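Following the hints, put chain B with the ligands in place on chain A, whose structure we already have.
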Amino acid sequence: MTDSEQYQVRQEPFYRQQGNEVALYAAAYAARLPVMVKGPTGCGKSRFIEYMAWKLDRPLITVACNEDMTASDLVGRYLLEAGGTRWLDGPLTTAARIGAICYLDEIVEARQDTTVVIHPLTDHRRTLPLDKKGELLRAHADFQLVISYNPGYQSLMKDLKESTKQRFTAFDFDYPEAELEATILASESGIDHALATQLVAVAAAARRLKGHGLDEGVSTRLLVYAATLIRNGVAAGDACRMALVRPITDDRDIRDTLEHAIDAIFACG
Amino acid sequence: MTRSEALSAEHLAACRARLDCRLPQVDGVFADCLREAIAVLTPAGVDAYLDCARFLGRIGRGAEPLLAFLEEWPAVAGSVGEGTLPVVVATLQRLHRSPNGKAIAPFLQSLAAVSRRLAAGGQLQRYLDLTLRLMEQTSGSIHGIHKTFASPCLPDFLVHAPTLLASLSIAGLTNWVDYGVRNYAAHPERQRDYFRLQSADSRAVFQRERHGTLLVDHERLLDLYLRGLWGEQALLVPYAVASEAANPASPMPPAQPYDDAGGIRLPDVLDDACGVSGIDRYRAALAHIAGHRRWSTPLVADNLSPMQRLAVETFEDSRIDTLIVRRYPGMRRIFRALHPRPVAGACDPQRFSCLRHRLAVLSRALLDGEDGDADGDLREFVARFRQALADGEASSQAMAGLALAYVARTRRQSDQLPEVYFSDTLVDYRDDNRHLWRFHELSDDEEMFAEHRPASASAEIDCLPPRHYPEWDHHSQSYRPDWVSLYESLHPSGDAALIDRLLDRHATLARRLKRLLDILKPQERVRLRFQEDGSELDVDVAVRSLIDCRCGVTPDPRINMSHRSNGRNLAVLLLLDLSASLADKFGSGDGEQTVLELSQEAVSLLAWSIDQLGDPFAIAGFHSDTRHDVRYLHLKGSSEPWGDAVKRRLAAMQAGYSTRIGAALRHAAHYLAASRAEKKLLLVLTDGRPSDVDVSDGRLLIEDARKAVGELDRQGIFSYCISLDAKADEYVGHIFGHHYSVIDRIERLPQRLPELFMALTR
Ligand SMILES: Nc1ncnc2c1ncn2[C@@H]1O[C@H](COP(=O)(O)OP(=O)(O)OP(=O)(O)O)[C@@H](O)[C@H]1O
Ligand SMILES: [Mg+2]
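Top to bottom, those sequences are chains A and B. Each residue of the first sequence is one higher than the one before, counting from 0 in numbering that gives the first Met the number 0. Each residue of the second sequence is one higher than the one before, counting from 0 in numbering that gives the first Met the number 0.
Rather than coming from a laboratory, the hints here were simulated on the basis of the structure. Do not take every clue at face value.
Simulated crosslink set (DSSO-like; lysine-lysine; CA at most 30 Å straight-line) [as the list claims (entries may be wrong)]: (1) A:K209 - B:K513; (2) B:K726 - B:K584; (3) A:K131 - A:K164; (4) A:K54 - A:K37; (5) B:K706 - B:K726; (6) A:K209 - B:K584; (7) A:K37 - B:K706; (8) A:K37 - A:K132; (9) A:K160 - B:K726; (10) A:K37 - A:K164; (11) B:K706 - A:K164.
Please read all numbers here as calculations on a predicted model, not as lab measurements.
So here's chain A without its partners, still in its complex pose (with noise of 0.2 Å):
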C-alpha cells in the first residue's frame, strides 16, 4: 500500500512569516477547514503549505495542475496488466486515504469539469466518490485541502466557479515587505543583508510598473535565483539582468528602465 512516509516533509523548510498566517493556518487545520491560498506567482504560497505541513507534521501532496488534467489524473484509474486490470489511486485519493494535506497548485489551469470532483470533499460530507471503482472514500480525519490561485493572470475564462471559491477559506499572499524580503533573500542565498536590499529595490521598480506593460512584477523567488547567482560570483548587475529583467520582459521600455534603476541602485553605470 501507499507509504505515507515518503510524503513527510523531513526537514523544516525555511519559511519567514508576513503576518501571523502560520497561526491562522493552523487553526484552519484544526477545523479541517479547506484553504485557498492566493497571490502572485514566487511569493512564497508553495513554501508557505511545505512549511505548514512540517510544522503540523502531516505528509504532503502537491499536484501541479494542468489544462489537460483529467478528473481520473486526481482520482485515480484502472491500469492493465498482464493479468487483468488493477485500480491505482490518484494523488488526491491517495492524501484521502493516508490523512495528508493535498495541494492543487494552481488550480485554475485545471479544466472546470475537474475540478469539481474536489466538491464533495470539501463540505461535510468529507468523502470522494470513486464511481468507477465503485467505491465511496471516506476521507482520512487529517487530510486537508488546500489550493492556490494565482488572481493576477488568469483570464476570466479559466476564473474558479463561484461554488468552488465558496468552499475555501483564504490567504491572500502578497510579496513580503521589502525589509523581510531582504532577510528572506539573505537566508536563502547567503549574500549580505545590504546587498540583499538592494536587490529588492529592483524588485521595487519592476513591481510598481505592473500593469503598465508589466503582467507580473519580479518574484520573490527570480529575486532568489539573483541572490544565488551573485552569491556564486557573478556581478551584481548580470545577476540582476540575467534573473530579474529577461525572464520578466521583453518589452524594451521597460528592460531600460529596469536596467537604469539597476545601474541606480548598484551605481555600476
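Below, chain B with the ligands without anything else, positioned relative to chain A:
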C-alpha cells in the same frame, strides 16, 4: 603680400581694381572685407577670393551677391577652410546658369551660418549637393516645360537653412528636403509653405528628424521611470527649447523644467551632454522633481528677498540631490557630470553680483562631498549641511535656516550690482522650484465680458441600442463581462435664458476668468525665439546681445521672436454626475441653492472658458438605476460650439437616480479614445461616492471605478476628478490616484472648476 603687412592704399586700390566692377555699394565695405580676408586667408586664398568676387560682380544680379560674398567668405573659410572655395564657386556657377539666379544672394547670405554647423569634413559638400539637387528637382518641372521656371522654394530653403541645421543633422536635413520634393514638386504654393517651415507636415517631419532625444519619442519610457523608481505619476509636457548647440554665442539661460498642477514640463529635446545620454538627462530631471515631491515642503516666500530665495533653493536642491543619491547611488555619476563646475574666484566682485556664482560653487561642493581648498565659509557650510543630513532627511525648513545664515555670513556689497555673473551657474537638470514657494498675494479684476458666438445646430443623437460594459468585481478580482447596459441619448432641452441668467450672476467672476484665460491663450501659440526677423523684440536676448556688443563679443543678431500658432491639441470631456444627490440644498434663507444649480453655473462657466481657448470640448452627464439602466446623456458634442442649443440642454439638467460611474467612465473613454488629439483629458464632476440601488457592497463600485480609471490611463486618457463630497478623501484618491480635488466650499465651485481646468492644461 604677407598677412601682417598693413593694408596700403595702393594695394587696396589694386585689389579693388581687380574686381572690375563699378557698383558703388561695394566701395563702402571693401576695405574692411579685404582686411579681414587678408587676416584669415593665405595669399593664394585672397587671390581666389578676389577672383570669385569679380565673377559675382559681373553676373548682372546687382550688388547683393557680391556684397554677401565679400562679407561672408572669410567667416566661411574660417569654418570649413578656404580650400572649399572651388566647390562653392561651382555651385554659384550652376545657380547662375539656371533660372535660379535669384537664389544666389540668399545662398551666400546664409553660407557662413550654415558652414558653422557643417564644419566637420565633407558635410559642406553634402549641403551643396543637396542644394543643387533641390534646384534640379523643383525647377521648371511645372507643366513639363524644361527648366524655364525658377524653383519656387529654393530661396526660402536657403534662408531657412541655418535654422534647420541648428536642429537637424545634414542627414536629417536631406530627409526633410526629400519629403518636401516628393510631395510638393508640382504645387508651387504648397512647396513654398513646406520649405518655409509653414505647413504642418513640414514641421512634423522637422520634428521627426531633429537630433537629440525627443521627449515625444520617450514619453512612455520616462513615465515608466517615474512610476518604477519613484512611484510617481505625471503628465509629461514638453516645452520648446532652442537647440542647445545652436547658440554658443548666446548665454541666455534656457527655460528650466518645472512641476505644477498641469504636469511636469521638460525640454522637448535633449542632446547627449557631458557623457550623459539624453535619456539619462531626462531621468535626472525627473528624479530631481520626484525628489522634491517626496521630500520638499512649501515655504512662505513673501518675507524673503530674491537673493535669499535663491540661496534657499540652492540648499534645498542640494538636499534633494543628496537624498536621491542615497536612494539611487548611481545617480551620483549623472548629477556630477551634469552639474557645472564653477571655478572659485572666477567671478570678479568688482564688476558682477557674485552671489549666484558663490552658490553654484557651494552647490558643487555639496554634490562632490569634498571641499578641497575651499575658503572657511564654504567649508563651514558644507559641514553644517552634512551635519543636518547626517542622520535623517532634514527638511526644507532646515535648509531655509541654513541658507539665510549663509547669505548673512557671505554678504558683500557687490551682490547688489545689477549684472549677475551667470557662467557655470545653471544646473539644468534642476527645476525652477516654483512648487517650493507660497505667495500670499491678491488678484484684481479687469473689465470686459465675453460675448457668445451664435449657436449652430448639432447632429442630434437619438436613443441608440444599449452598449454593454464589464464591471470589476473586486471579490473575485475579475471582470463581470457585459454586466452593465448603458443607454446614450441626447439630453432634453429647456430654456437657454436660464443659463444666461446664471452666467450674468457671475459676471464678475467671468471677468476674472477672462483675465486668466488671456494669460493662458498666448501659450497656445509657440514662441519661436532667436529669430533674426521676427514679429517682436525678444528683450532678454536683445539685452544679452547688447551686453555682448559692449564687451566686444560678436553679438547674436537673432534678437527677435515670433509666434507660431500651435493648437493646444487637447481634447476634453466633462462627465457630470447627475444622480439624485445633486438636488441637495445648501446654504440657508435667501442664499439657499441646490448643488444642481451651482453645477449648471460652474459647467456653463467652464464651457464658456474652454470655448475661449478653442479646445474641443464635450459635456456628458450620467446616472444609473441598476446595472440594467445606466444613462449617458450628451449635453455638448466635442466640436459643437458653445451656444443656445447647448445652453438649452444644460438648462434642463435634472437630478435623479444613482452613480454607477465605472460604465460612464468607460463610455466617455470610448469617445475620447476616438479623438486624435495628443492629450486627452476626462474631467469628472461628482458629488458623492459611486453607488447604485442594486449594489450593497460599498466598495464594489469604488473598486470598479478605480479599475476603469486604470483602463483609461492605459488608453492615454488623463482622468481628473472634481468632487463636491466632503468625505471624498476616503475613497476618491483610491479611484483617481493623485488626480483629484475636493471642493469643500461648494459655493466656490463656479470659480474653482474653470480654474482647475486652466491649471490642468496650462
Ligand atoms: N516567507 C518566505 N519565507 C521564506 N522563503 C520565501 C518566503 N517567501 C518566498 N520565499 C522564497 O521564494 C521562493 C518562491 O516561493 P514559492 O515557490 O512558494 O512561490 P509560489 O507563491 O508558490 O509561486 P507559484 O505561484 O509560481 O507556484 C521560495 O523558494 C523561497 O525561496
Ligand atoms: Mg508554487
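Results of checking the hints against the structure:
For the proposed pair K209 (chain A) and K513 (chain B), the alpha carbon gap of about 43 Å is over 30 Å, so the pair is violated. Restraint check: the Cα-Cα separation between K726 (chain B) and K584 (chain B) comes to about 17 Å, which is no more than 30 Å; the hinted pair holds. The suggested pairing of K131 (chain A) with K164 (chain A) holds, with an alpha-carbon distance near 27 Å, which does not exceed 30 Å. Of the pairs offered as hints, the one joining K54 (chain A) and K37 (chain A) holds, with about 21 Å between alpha carbons and a cut-off of 30 Å not exceeded.
A distance of roughly 21 Å separates the Cα atoms of K706 (chain B) and K726 (chain B); the hinted pair therefore holds under the 30 Å criterion. With a C-alpha separation of about 43 Å, the suggested pair K209 (chain A) and K584 (chain B) falls outside the 30 Å cut-off, and the hint is violated. This hinted pair checks out: K37 (chain A) and K706 (chain B) have alpha carbons roughly 20 Å apart, not beyond 30 Å. Between K37 (chain A) and K132 (chain A), the direct Cα distance comes to roughly 34 Å. Violation of the 30 Å bound is thereby established for this hinted pair.
For the hint pairing K160 (chain A) with K726 (chain B), the CA-to-CA distance comes to about 36 Å; that exceeds 30 Å, so the pair is violated. Proposed proximity of K37 (chain A) and K164 (chain A) is supported: the alpha carbons are some 11 Å apart, at most 30 Å. The straight-line distance between the Cα atoms of K706 (chain B) and K164 (chain A) is roughly 22 Å, inside the 30 Å bound, and the hint therefore holds.
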